[in-house]
Structures are given as C-alpha cells and as structure tokens.
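Undergrad: The chain contents come next:
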Amino acid sequence: MRMTRYSSSIPVDFGPHLFLAVLEGTVTAAVLALTALGLSLVFGVMRIVNVAHGEFFMLGAVLAWWFASLVAGSAAVGFLLALVLSPLVVGAVAILCERTVLKRIDYNPEATIVATIGLLYIIQQLALTFYGPDARPVQAPINFRILFPWFGYSGYKLVVVGASAALLIATWFVLTRTRLGLIMRATQYDRETAQAFAIPVDRVYAVVFAIGAMLAATAAVLIVPIQQAHYLMGHDPLLLSFIVVIIGGLGSILGTVVAAIIIGLSDGIISVFFSPTLAKILATLLVALVLVVRPQGLFGKIER
Amino acid sequence: MSAAQTSAMPAHRSLFDRVVLLHLAVLAALFLAQFVVGDYQHLSLARVMVLATYAVGYNILFGYTGLLSLGHAMFFAAGLYGAGLAAAQLSFGATEAFVAGIAAGLVLAFAVGLVVLRTSGVSFMIVTMMFAQAGYLLSLYFGEYTRGDEGFVLQGDIRTAHLFGLSLDLTSPTVRYNIALALLGVCILVCLALVRSPVGRILVAIRENEERARMLGYDTYRNKLFALVVSGTMAAAAGAAYALLFAYVGATFASIQYSILPLLWVLLGGVGTVLGPIVGTLLMFYLVDFTSEYTSAYMLVVGVALLGLVVWFPKGLLGTLREKVIAWLP
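These protein sequences, in sequence, are chains A and B.
Under numbering that gives the first Met the number 0, think of the first position of the first sequence as 0, with each following residue one higher.
Under numbering that gives the first Met the number 0, think of the first position of the second sequence as 0, with each following residue one higher.
Please note that a few of the clues may not be correct.
[Unchecked claim] Residues from chain A that face chain B, not an exhaustive set, calculated with beta carbons under 10 Å: (1) Ser153; (2) Leu157; (3) Leu288; (4) Val292.
Hint data in this document are derived by calculation from the structure and do not stem from the laboratory.
Glycine included, every Cβ here is placed at the ideal spot set by N, Cα and C.
All chains should be built: construct the whole structure from the sequences, respecting the hints.
TA: So this is what it looks like as structure tokens:
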C-alpha cells in the first residue's frame, strides 16, 4: 500500500525493485516486532490475549499528533515530546483498564477476550469523538534522504529501524538482566510459587499490562511520521501482531523478532510483486494452520 | 445454570406444553406487530428478524455448546455472497439463490469445522477470527466480482421470488416482513426442538464439562461439528435472506464487526436461552439506531455494552430471568 507513493521513482528492473521491497519490509518488521513484543509479553506473563492492543497503538499515534501539535516551533522537539509523553499516557490508560476491568473478571481467558473487544470499541470510538475521522500527519524529526544509485530513500525510516532495534535490546536487557525482569519471569513461570515467595503478583500484572501497551504506543509514535494518525489504524497492527506472536512463540523475544522479520519482509515483498491483500490472506491462513497443528502448544498452555 | 436446564425439561411433556406455547406466542406477537407499527419500524423489524435469525444460529454454538466463535461473519457472508453472486453472476432466481446461499454456508461450516474444532478455548476463538479475516480479505481480493467494501445492489428479476407457483414481490414491505418472520420462526422452532432433544442435551453436557461428556462415551468432536454446521447454516440462511430481501451485498458484512455483533446480541439477551437472541438483537438494534442519531461514534454503545455484560451481567436478560423467576425457560 505504502509502495505506491514511490512508484514514480521505481525503475522497472527486478533488482532495485526487490531492494526497495526489502527496505520497506524491514521498516514494517521493526515496528511490528515492537508492537508484537508488547502483546507477547502480556500473554506470556498474564496468560491473556489483549484484543485492545491495536487500540493502544492507535492511541499512541493520536496522542503523538496532539503532543507534537502543542509545540509549534520545532518538529524535532515536538516529536521527542510525543515520544516520551505519549507512551506514558497510554501506559496510564492501560493500568486503568487493567485495574477496573481485567482484575474484576479475574483474568479469565475467554471473558478477557470479550472484555478487551469491548475496550477496543470504547477506545476507538472515543478517539473518533475527540480526535475526529481525519488522518493527520506528524512531521518527522529529521529530514534527509539517502540516495541509492536507483532511487532516494527516506532517512527517517532507517532511524525507525535503529530505534526499534535499540528498544528491543533494552526490553531484552530488562527481562533477562534486572530484578524487575526476574520478578516478571518468575510470575510467568509459576504464579502461585511466585506469590508464595512474596512477589506482588497483582502489581506485576498491572506493570506488565502497562509495559505491553507502552511498547505498542512507542511503535506507533515512531511510525506516525510515515503513516499518519487515524482512529482506525489499530486494526492492522493487531492482526499482524497476532500472526507474529503465534508464529514466533509466546513470551519469547527472539521468536517474536524473527517472526516479525519473516512476516514484515514477506509482507513487503508479496505486496510489491503481487498484492497486499494476498499477503495478508496468506499470513492469516498460515497462522490459523499453525494453531490447528499445534493446539497444545502456544495458546494451549492456558489450560494447564 | 445447569439446574435450571434440567428443570426446563419435564419428564412428561406433550407436544404443546407451556414452553412451545410461549414460543408460538412470541412469534404470533411478531406477526401481529406488523399491523400496528409505522413504515419505518416495519422495515426495521424485518431487518431485526433476519439478524435475530443469525443470532439464533450463533447461540446454538456459543450458548448451548459452549464454543465461542469470533468468526461467524464468514458464515453470514457465505450466505450473503452465495445468494448474491449466484443471482448477480449466474442469474439464478431468488429461490435458487437462497438455496445456493444456504448450501455455501453449510459446506463452509463443515469444511472450516473439520479444521477449527481441533482447537479449543482461546485458540478456537483466535483461529475462527483468523479464518473470518481471511474470508473478509478474500471478498476484497475478488473485488472484480464482489465490488469489495462498496458492494453491489441486486435489481431486476431477482426482486421477485417464485415459490410453489406463487410470485412474491420482494420489494413489498409486507412480503419482506413475513418472509423474515417465517425464517426466524423456522429457526426458533428448530433451535427449540434441538435443545429439547437428546442431541441438545449432549451439547449442553459438552458445554458444562467436555471431558466428562467424552468419558460418558459421547463423540464430542462429532457433536461439536454437528452444532457448528447447524449454527453456520442458520447464519448463512440469515445472510442469504439479508441479501435477497434488502438487495445489498457488501464486504462490511464479512468484517470482524459482524462476528462481534451476534456475540453481543446473544450475551445481552441471555446465553443459552432460545428467545434470548431475539430480545438481544431487538434491544441492541434500537439502541444503536437511537445513538446513531446523535453521534457518529455509535459503536461506543457496542463497546460499553460488551464490557458491561461481561463484567457485571454475564447471564444476560433472559438468563437472569430464568435464574430468578421462571426456571422452566429453555
């Protein structure tokens, strides 16, 4: 879809064509990995599927537009303000949802899905009410083009890839090398035993749910200078995150990143050479089959 | 809920006991309603009855078998497109197109059921959602025939149905209303007969405890497949009727929203009650209709209702009524 914007600069040769598809796919993969990691973390630790995850992504983008519009002077300052504040606000909204809704239904897996579908519509329609139906852009903090022999390419998109990679590494570091990560992994491994060892499981849940939402919001702030903020933009990231998380295995950072790269790249390449719709159909059916073939793995763990 | 379920099935029952009479009375009330309401309500009620048929089908799987599907829009859409495309591309007559729509839903439900029933719980929900999403995307991908989101309108000969030598003008509000009522009536009675039959009890046993049902020697996979096929076929019948009665076929009906709506209708009316889907669809339809006059964000009502029902009111209207007042309600 986004490819069309470059169609005038695309030469007919196969090589550059493929190169462009790979570049676009890498950007998709980077942002997707961040979003999906949030979903994966929430599933891993709390054993629930958050269907409203895409709406946290959307909220991040819409808030980014709002914060950036507060700073009239410099695009970079506005963007950095959004990058810091937008995930924080989304995290606060997530904690509110977790405390008022999910805790009340005791994290029952099936009820949680229905409840988060409710949250999905509430957040989405509130965004429509207060933000409106228009798509609005946020200016990129930097503005330069990298000139390849065949076409020019937005430098900001490569910054997005770099920033996503840095955040993924940071998340990995927190999970494996810090006390907070240890507490989270203990809760994931065995909730009751963790509680017996005086880990405040209840608070861990709230924190994990907030971190999951904040990862999605951060990904959205990064993508919004490329894609524009719109109240319906949460739909695609949600479905793609499902696909990535299911293929990559839940709670595994490496699996999520690898799956995001596979899905992102194949999405980019199939979109350029065939059709974006076909790419999505194939990915969707692939996931359905993965779940059917391994019913006891992945999601099946819930019923232990 | 199971205690209420057993008492709903008295040991000695005649063909016309109070349960059957109640359901016939509801259908009679719907028949009489057409003479008292205005033109606008007349059309709305016809729509509600077709959508309620969809909800009745959904309830057989969700309410009685305990399988929460998030992808029923694929069956509704199979009926919608099965009938719509048969009429528009293959120039089928209205009756033949209706049958084609139902057949499309039946085949799809059987094929999808063979695959998705290997999963359960949360993965069943996600897998059905994924299949429905693939179906929605397919309807966009074949935009040449389906015209995607924009959809297409049925017109000409297809607006007249020929049945048993009768010619029915599908543009006439009276004909539309009574066809919708007939469809709903048939589905309600099928549902009632099903839940009072031995098979219905097996389905409830699966809902309450699948492991135990299997231990007792029931082939749960087969029974679940049966429930899914009946449920999907009813959804497809509703879809086919919707296309033929209201003459519009579009990809919106295949979207995720149309998988969520029957869930909401059933939850509101009462999960696992025969009349619940009608009550839920009726209330929700008017609630959304009313809200959309004031704001474009009318889906907010859907979100709030869904959340409120799950958190505070999981049994829905008739489910609560059955628990508190009339225990014999099926």
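Undergrad: Hints first: check each against the structure and report whether it holds.
TA: Hints versus structure:
1. Ser153: violated (28 Å)
2. Leu157: violated (30 Å)
3. Leu288: With a minimum Cβ separation of about 8 Å from chain B (threshold 10 Å), the hint on Leu288 (chain A) holds.
4. Val292: Holds. Min distance 8 Å.
Against the hints set out earlier in the document, violations occur for numbers 1, 2.
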